[in-house]
Amino acid sequence: MKGYLLLFACLLVSGSAPGQRVIIAEDLRGDDEPRVYGMNRTHYSHSYLGVSFLAGPPEDRGAEIHYRRSWSLQYGYRYKLRISNVFSVGTELSLHRTSYRPRQTEYKQVPGPAMHDTEKLVFVQPGLSYYKRINFGQRGDYIGRFFDAGAYGAWNVHVRHISFDEIEGERVKVRRTGMDYPAAFEYGVLARVGFSNFVIRGSYRFSELFRSSADLPEFPRLMIGFEMGTHPF
Amino acid sequence: MFRHALFLLLILLLSAFQAWTRFSHQGPDPGMADGFWVFFTDKQGVEFDPHAYFHENAIGRRLSLGLCLYDSLDFPVRADYLDSLTSLAGAPSVVSRWLNAAHVRLSAGEAIQLETLDFVKKVIPVSMRLIPAAAKAEPVSQAGFEVPDSALLSQQIRHMSGQAFAAHGFDGRSIRIAIFDSGFSGVEEHPAFAHIIGQGRIIGSWDFHRSQENVFTSGSHGTMVLSVIGGMLDGLPMGLATGAEFLLARTEIFRELLVEEKYWLAAVEWADRHGAHIINSSLGYVFHRYFPEQMDGQTSLVARAAHIAASKGILIINAAGNEGNNEKWRIVVTPADADSVLTVGALSFPSLLRAPYSSTGPTADGRLKPNVSALGTVVAAGRRGLATPRGTSFASPLVAGFAACLWQMNPSWTNMDVFRAIERSSTLYPYYDYAHGVGIPQADYFLSPYPLVVLPTFDIMDGGNDTLKIVIRQNPAKDQNQTDKATIHKYIDYLYYKIMGPDSGIEQYFVVEVSDANILKLGMEQFGPGRRLLVHYKGYTSAVSF
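Residue numbers (our numbering), protein chains in the order written: chain A, 1 to 233; chain B, 1 to 546.
Bear in mind the hints are in silico, worked out from the structure with no lab data behind them. Be aware that one or more of the hints could be misleading.
Below, a sample of chain B positions facing chain A; criterion: calculated Cβ distance under 10 angstroms [stated by the list, open to error]:
1) G35
2) V77
3) R173
4) F287
5) F291
6) E293
7) Q294
8) Q298
9) T360
10) E423
11) R424
12) D433
13) H436
14) S515
To give an idea of the chain A side of the interface with chain B (calculated C-beta under 10 angstroms), a few residues [claimed, not checked]:
15) I23
16) I24
17) P34
18) R41
19) S45
20) G140
21) G144
Think about it this way: if two alpha-carbon atoms lie no more than 20 angstroms apart in a straight line, the pair counts; the simulated SDA-like pairs of lysine to any residue are [unchecked claim]:
22) B:K328 <-> A:Y79
23) A:K120 <-> A:L95
24) B:K469 <-> A:V22
25) B:K43 <-> B:Y53
26) B:K328 <-> A:P232
27) B:K328 <-> A:E33
28) B:K312 <-> B:Q298
29) B:K328 <-> A:V172
30) B:K328 <-> A:E218
31) B:K469 <-> B:E525
32) B:K328 <-> A:G38
33) B:K521 <-> A:N85
34) B:K328 <-> A:G229
35) B:K328 <-> A:L95
36) B:K328 <-> A:D27
37) B:K328 <-> A:Y44
38) B:K328 <-> A:R35
39) B:K43 <-> B:G109
40) B:K328 <-> A:Y37
We put the CB at the ideal spot given by N, CA and C, even for glycine.
The shape of chain A in the complex, shown without the other chains:
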């Protein structure tokens, strides 16, 4: 139903006396066109925000991290194609900013053995993913409860290494880019469980974070976090 007040009505009511005010004007023509866009219709898309934390063990003691301070922020745009009330498939474009905080231990190897007061490796990654969705429960035009399984790929478009040290009483920040050890791409699998806007997500990185020529042990591959869809509840 198209509700269009005043403007259309003023045009339609041609020549009406001055001061006559159209308060309600509704046009129902075309209302019966089938709807294909909606949360549980053929097509739907929405953006989301997410945050994930690294989990699981590193490959080697030399790649230990601070778990609470190693995390990833995600912003993405998700498209969903409905196959049935239960099954959907979809794809999404996303931008990740993932920060790894290596522990400063005597075993440390990543990105190098040099110890700092604090240190982080930041990956900025535009990515693309593909997923299958299973929905639970009979529902109308509503996201409802779901489980997603999929795969993702991302381009490590920008990687920087930042270290902080206290030198002669002064805090010194060193920022490096253009390193030769980060891999160009990342890929892995992902899974999500959600209820409407609220999603718990997990991903597992299959690819190596560092080039094989660098001979560096891998940071933990598992990430667990949550997302918030920006669509209506």
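Chain B: place on chain A using the hints.
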């Protein structure tokens, strides 16, 4: 290398899964819901004594409609079937005689197994969680016991000329109204209900969520609804049915939380059994469960149950829903979509035009909804003190009170007689649109001392240059022993018009404020062959066909 291979394998598995989902699930979805209705094949051999089961009101209703007291719909579900179901799937949370079904929690596999049993007709997955339309009611402003808006309190009675009922001694006495809502906390203590409590007119109550009689512990949406039907403040009525009896059913948990449709189904059978004449339901189910194109009055279980209740003589009055601003939905919710339900839209105060949140019609199959309208902003009794809530939830009980008085006035009428009379009395009747239905019910229509006449209030004439002109008549003449319908509509000074398509559906509708006799000039180019223009002003409707 192993990780790369594993990744490729997972991608292949995902692709295979897609192919499977694409080709193996084109039909109905497999039962993955956590709740299922299990429908049974028959009721053979059950015993049923209507006089033991029903309240005398329920028997009276059936007899007045000429219905058989031994309707198999009312027979109990077979105990052996329920025992078998309980042993296989656990105790059902709701058993429906009318549907001959039980609601249980099952896994999808168990549901498929159950369907193979001889006594099971079908198993239907249902979502356990739904959001009532009342959840989107406009904000409630709380006040003390001082009336927050005395003009509003007066208007919530007078806009239906409800004072005429009181003046003639009609207050809904002997009419039993069931209210389905989210909780009635404060009812036992609030002074607005002292007359109801004091006279023992809360006949029964049941909390369907907690399976207990006490409905006064949580939630006050029902408290507000009850007050708008039959509350009184210092001798001033808040609703019209201050003398009615009440059945209070708590069928939703909180206004803002997810609830279950099954309780509505259970409550409607409970209300029938306990002799309700009228059910006021300020609830409705929307997109969490259904699509707008399913609002055809046939699809939802609650709409089907409403039809059964209506066929047994109960007048069901339901809020239209508060989805008017929701571009994804806009239309009435279910069970307000059922044609045997009197659906009430909400009006703004003081304009008496559709409140923006009020759901509109038509239904998915093109029927008129809402049927009538009433104020959606009211003075109501909150848990403590008074409030001025907004929503179709509060328009519906105003009409429920009206219906109780009308039924008391005409005790031999059936539910559908009351339904049609309410429509007939309304301000716009026989005109209607999808925002207001046929307008606001009017008690004066039934209680006017003189015969009611409809005098022309405007003329449709040729405006020249392919236009039509509508001109308001000044002071139409009438006999002194007649009541002009226009005088009933003293609060409404709008001109309504609509353009009907060749298929008799409304294509466009308008409301225009009247401040000049030369109210409208319409270009003829918009009226193609087969179209009709219908115009309404102060009780008088005129049409032009093209």
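State the violated hints by number, sorted upward, taking the hints as numbered earlier in the document.
-> Violated hints (numbers, rising): 2, 3, 8, 10, 11, 19, 29, 30, 33, 35, 39; every other hint is consistent with the structure.
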